[in-house]
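> Line by line, the protein sequences are chains A, B and C.
Residue numbers for the first sequence follow my numbering, so the first one is 1 and each next one is one higher.
Residue numbers for the second sequence follow my numbering, so the first one is 1 and each next one is one higher.
Residue numbers for the third sequence follow my numbering, so the first one is 1 and each next one is one higher.
Treat each hint with caution, since some may be false.
When the alpha-carbon atoms are kept at most 20 Å apart in a straight line, the in silico EDC-like pairs for lysine to aspartate or glutamate are as follows [said to hold, decoys possible]:
#  : chain 1 : residue 1 : chain 2 : residue 2
1  : A       : LYS42     : B       : GLU368
2  : B       : LYS84     : A       : GLU84
3  : A       : LYS92     : B       : GLU368
4  : A       : LYS24     : B       : ASP386
5  : C       : LYS82     : A       : ASP75
6  : A       : LYS24     : A       : GLU7
7  : B       : LYS382    : A       : GLU74
8  : B       : LYS84     : A       : ASP75
9  : C       : LYS220    : C       : GLU252
10 : C       : LYS132    : A       : GLU84
11 : B       : LYS382    : A       : ASP75
Stretch-level coverage of chain B by chain A, calculated; a stretch enters the list once three of its residues show a Cβ under 8 Å from a Cβ in chain A [what the hints assert, rightly or not]:
#  : region
12 : 319-327
13 : 460-471
Because the hints were derived from the structure by calculation, they are not lab data.
Keep in mind it's a predicted model, so treat the numbers as computed, not measured.
Note that beta-carbon positions come from the ideal geometry of N, C-alpha and C, so glycine has one too.
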Amino acid sequence: MALTIAEVEHVAMLARISLNQSEKEQFALELGLVLNYADRLKSLQTDNIQPLDHILPVSNVFREDVVIGSPDREDMFANAPMAEDGQYRVPKII
Amino acid sequence: MKLNDLSVHELKNLLQSKQTSSEEIIKSCLERIAEVEAEVKAFITLLEDDALKAARNLDKKGEYQGLAGIPYGLKDNFCTSGIKTTCASRMLENYVPFYDATAARRLSEADAILMGKMNMDEFAMGNSTELSAFFPTRNPWDHNRVPGGSSGGSAAAVAAGEILFSLGTDSGSSIRQPASFCGVVGLKPSYGRVSRWGVIGSASSLDQVGVITRDVTDCALVLQAIAGKDPSDSTSVALEVPDYSASLKADIKGLKIAYPREYFQAGIDQHVKACVMEALKTYESLGAIIDEVSLPHSEYALPAFLLIACAEASANMGKYDGVRFGLRDFSADNVVDMYSQSRGLGFGTDVKRRILLGTHALSAGYYEDYYLKALKVRRLLKNDFDKVFENYDVIVAPTAPTVAFELGAQSGDPLTMYMNDILTGSTNMAGLPGMSIPCGFVQEMPVGMHLIGKPFDEPTMLKAAYAFEQATSFHLSRPGRRVR
Amino acid sequence: MKAYDYEIVIGLEVHVELKTKTKIFCGCSNRFGAEPNTNVCPICSGFPGALPVLNQQVVEYAIRAGLALNCEIASYTKFDSKNYFYPDLPNAYQVSQYDRPICSNGYMDIYVDGKPKRIGINRAHIEEDAGKLVHQGSITETAYSLVDLNRCGVPLLEIVSMPDMRQAAEARQYLEKLRSTMLFAGVSDCKMEEGSLRCDANVSVRPWGEQALGTRVEIKNLNSFRSLEKAIEYEARRQMEALDDGEVLVQETRTWDEEKQVTRSMRSKEEAQDYRYFPNPDLPPLVIPREWVESVARSMPELPQQAQLRLMEKYGLSAYDVSILTSSPEYLAFFDRCVAAFAQPKAVANWMMGELNKFLNQSNLQITECRFSPEHLAELLKMIDEGAVSGKMAKDIFAEMFASGKPAAQIVKEKGLAQISDQDTLIAMIEEVLKANPKVVEDYRGGKQKAAGFLVGQIMKATKGQANPTLVNQLIDKCLSAE
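Please model the complete structure; the sequences and the hints are all you need to start from.
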C-alpha cells in the first residue's frame, strides 16, 4: 500500500529533503512498495529475541585522554561553502 | 601478454627480478585505459601524471617490497588527501579531503601506485553503477551491460585490465556482486578486519572495505596489506592478522562445505545455479565434503537488511547539510530551507529514497515494527550461520541471482534493484567474510560463486577459493578472450 | 483558586561538562575560550569518513559522578544517535545514551528549612556537546549566523532529577548541591558563566492533593542560580493564572528572558520533535566490570553530603552554614585548615561567610585566589579572641590582609593598631581624664550613669580607638568607686 503524500512530506521534513510534487508521488508509491515487502517481518515471532545492536563481540574500545591537537583551520575550511572570520556562515536560523 | 594483463604476484616477481619497471607497468595500464576507458568509463578521477611520477621515483630506488610499483584504483568513497573524493554524488562533486582513509594510506605506505578514483553508485547505494551522478560504468565483457555495483568502477577497471587491483566497499553485495558480474575476485572481509576510517560509509554496521583482484593469490596479497587494527576505528578488531598467502593451499581434502538450500531456490537463474552446482562437483572431486544445509530465516534477511541499511544511511547522510562542505543551495534565506534544498539538489533519487525509508523506519510509531524488528532478525540470521558453522568450514552459493543485466533493465523498480543483495546481504548482517570468484559463464557473461567463511577465518575461505581456482581456468579469461 | 491552592512540581535536567583534557571522541583540546574553530578536527566537525573513538576518562568521570549521586552504575551500556538538524550539530545526530544510561536510580539530599529532603536522580548519561551559533544581534533579527564548532564533542553528563522539588528555592538548593558534589567528585569545573554547568527546569502545577502531574513546561536559558529561581517562580505563577483563567496549558519549551524577567514560548507551531534514537553503529558498547566501579569508589574523596553531616555533628553548625561551607572543596579546605589552627568553628564560619565572601564577591575572586592563608585568618581570629584587637579593628585588618596578603600581626605592628590592654597605661590615662573633667565626675557620682560613657569616649579618642573598651569601662568604674 502506498504511503500518503502527507506521510511522505512528514518523513521528508524529518530528513530535511525538499521534494517536488512528482517526487512526492513517486516516493509515496515506492516507499509503500518497499515497506509492504518489509511487513513480512511482522509474521515472524520475535518476542524473546534480543535485538542485535552490535555484531562484534567487542566492547570498551578506548582512547587515552591525551591532546593530539587540531589541524589547521585553513584545511578545515578549504571546502566550506561560505565562511566569515574563521566561522561557517549560515542563513538565519528562524 | 602485456604487463597490464598479468597478475599482481606475477608483476611482483618481474619487478623484483628487474625484468620490468613500475613505469613500464603504469604505461601499459595507461595504454589500456586509452583503449577502453571511453567505453568502460570506470574512472571518476584519473591520476596519470601522479602515477607516472610515483613510478619513476620508485624505480629510482629500485626496491620493490610488498605491493610496490603496482597500480591500483580506489572506489571514490575512500578519502584521499588532496584528491577529489566525490562518492559519485553532486553533493561532494568538488570535495577535496585533507586526510587519507587508513586502507588507502596502508597501500600508499606499501608503495602501491594510485591510478585513480573509481566510479560507483552514489554514496555506495545501488547495484549497477548507473546511479553515479556523473555517468554509468559499463561492463567490460559487454558494454550494453552493467558492471554491477556499487563498486562497479573498481571491478570493471580490474576486469578491463586498466589497473591491477582495487579497493571497494561492501555493505550488502557492493564488492562481490560487481566482481561476479565482471568475472574477477572480490572479497569482503569480516566486519572489523579492515579499518573503515576515512571511508565514506552508508551503513556503518554493514560496511566493510574489501579487495577486487584478478585471482585469489592477488586477493590474499592485497588483503594482507590493508587488514589489521586501526586505533582510529573503534570497530576494527585487534585480532592478529594471519598470513593469508600462506593459507593458499590446493589440498582441501576433508574440507566441509555447506550449500544452503534457500540460496538455490526461486528467483535464481537456472543457468547460474547450474554453474555453482557444477562448482560443488569440482569441490567434491577435490576431496571436499559437500552437504546441503538450511539457513531457515533467509526469507527475512533482505527486508531486515534493507531496514538496517537505510536506517543507518539516513543518519550517516545527515552531515551533508551544506554548512561545512559539499553542495549548498545559496538561494535559501533560512537554515531549514537551505538544508532541504541543498539535500534536494545534491542527492540522487535512490539516495533520497533510502534516506526517506530509513527515516521512516526509525520514526515514532514505526521503530518497533521496522528497525527494532530488523535487529532481532539480525540475531536470528547470525544464529543460523553459527549453527551451520558448528559443522562446516565454508558455505558456498551463487553470488548474484543472475549474470550482469543490461543497462536500464532495473531502473524504475526499487524492489527489483534491492533484490541484488538477496544472496549476500546476510553475510553483512552477520559480519562474516565473503568472497566471489569466477565459476563459469552464462550468455558469455561471467558467473560468480560466493564463499562465506566463519568470522575472521578468511584463511579457510581463501584456501577453498584458491583450490577451486587451481582446479579451473575461469579466472584466466579476460573480456574478449575466453579461456576454455 | 489561589496560589496556595496549587502545588508546584519541579524537575531539573542538568548538563555538566566533564573536565577531560580532550573531547569525547577525538584528540582535540577540551579548552574553553579558544579562537573560533581552532579546537576542531574532521571527527568533531562531522567530516565524511571520520569515525569516533571514546575517551576513557569520560567513562571514568561518569562513573565517579554517578557514584557521587548514589546511582547504580550499569554493567552494560551503549551509545545512541539522537537525530536532528541544527547548524551547531555537524553530524545531524548527537551521540547520547537513550535506553541504557550509564547511571540510574540515584539521589541527593538537600536541606529545606533545616530539614533534610531527598531528591531522586532518575538517570545520568554521557553525551557530546554541540557547537555555538553567533548571531548578528538576536536570533530572530539576524540576517545570518556564524558557526563555531569548538564546543562540539565536549563530553557532557546529563543528570535528570525526579520531579521531586516543590518550590523554586528547593530547585536552587538542589542545583547548588549538585554543583558542589560535581566539584568535590572532581569531574567538572561547573562554571555556569562558561556554560560548563547548564540547567533546564521542568515545571508544572497541580491542585493540592491531585496525584497526576500537570502539563509540563521546559524552561531553557537559565544562566545563574538566581535566574533558575526567578524563572520557576514566574513560570509557576503564569501557569496558575492561566489555569485560573480556564486556559488549557500546552506542553512546550519556553526560554527565560533575563531582561524582562519572563518566560517566553520558543516554538509555537514548530513540528513535534522525533529524534529517531538508535544504537550508534560506530561505537562498541561499554561493559563496566564491578572492579572498575569499586576502584573509582575507593578513590572518591569526602563529598558535600558527608562534609555537611560532619560539620553539623562535630561543630553544631546550621544546615545553612554547612551548605555554604561545602560550596566547593577549596572553600571547605580553607575552613577546615582555619579551624585546625583556631578551634572556634562558628567564628571561623561567620568570618568566612561574612567578611571573606563579601570581599571575594566584590573583587570577583575565588577562594583559591585569596592572598592570605587559612592560618592567617586563624591568627586574626585568635587576636580578637584574646582581646588584642577589637572587632572593628579586626575588620580593618582583614581588609588589609585581603588587599596585601600580609599576616594580621604584621599589619597590626606596621600600623600600630594593637589594642591597649595594659592596665597601668590605661589607669594613668583615666586619672588624667578624671582630673580634667571634674564636672562629669560630679554628675557620675550624682547618679548619672551616662556620664561614664563620656569618659570612656574621651579615653578612646585619646588612644585613637586602640584602648580595649571593655577594660576601660571596668577601670573607670574602679577608679571612681575607689575614690
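> Tell me if the straight-line CA distance from LYS24 of chain A to ASP386 of chain B falls inside 20 Å.
Violated, at about 42 Å.
> With the threshold set at 20 Å, check whether the alpha-carbon distance from LYS42 of chain A to GLU368 of chain B stays at or below it.
10 Å, holds
> CA of LYS220 of chain C to CA of GLU252 of chain C, is that 20 Å or under?
11 Å, holds
> Do at least three Cβ atoms from the region 319-327 of chain B come closer than 8 Å to Cβ atoms of chain A?
Our answer is that it holds, as 7 residues pass the Cβ test (under 8 Å) against chain A, meeting three.
> Would the pair LYS82 of chain C and ASP75 of chain A pass a check requiring their Cα atoms to be no farther apart than 20 Å?
28 Å, violated
> Sort out whether ASP75 of chain A lies within 20 Å of LYS382 of chain B, counting only the CA atoms.
43 Å, violated
> Within a Cα-Cα threshold of 20 Å, do LYS382 of chain B and GLU74 of chain A meet the stated pairing?
Judged against 20 Å, a Cα distance of about 46 Å means the pair is violated.
> Next pair to validate is LYS84 of chain B with ASP75 of chain A; report whether the Cα-Cα distance is within 20 Å.
14 Å, holds
> How does the region 460-471 of chain B fare against chain A when you require at least three residues with a CB closer than 8 Å, holds or violated?
With 0 residues in contact (Cβ-Cβ under 8 Å with chain A), the coverage given for the region 460-471 of chain B is violated.
> Take the C-alpha atoms of LYS132 of chain C and GLU84 of chain A, compute the straight-line distance between them, and say whether it is at most 20 Å.
15 Å, holds
> Does LYS24 of chain A pair with GLU7 of chain A here, judged by a C-alpha cut-off of 20 Å?
Distance of about 10 Å is within 20 Å: holds.
> Straight-line Cα separation of LYS84 of chain B and GLU84 of chain A no greater than 20 Å?
24 Å, violated
Violated hints, listed in ascending order, are 2, 3, 4, 5, 7, 11 and 13; each of the other numbered hints is respected by the structure.
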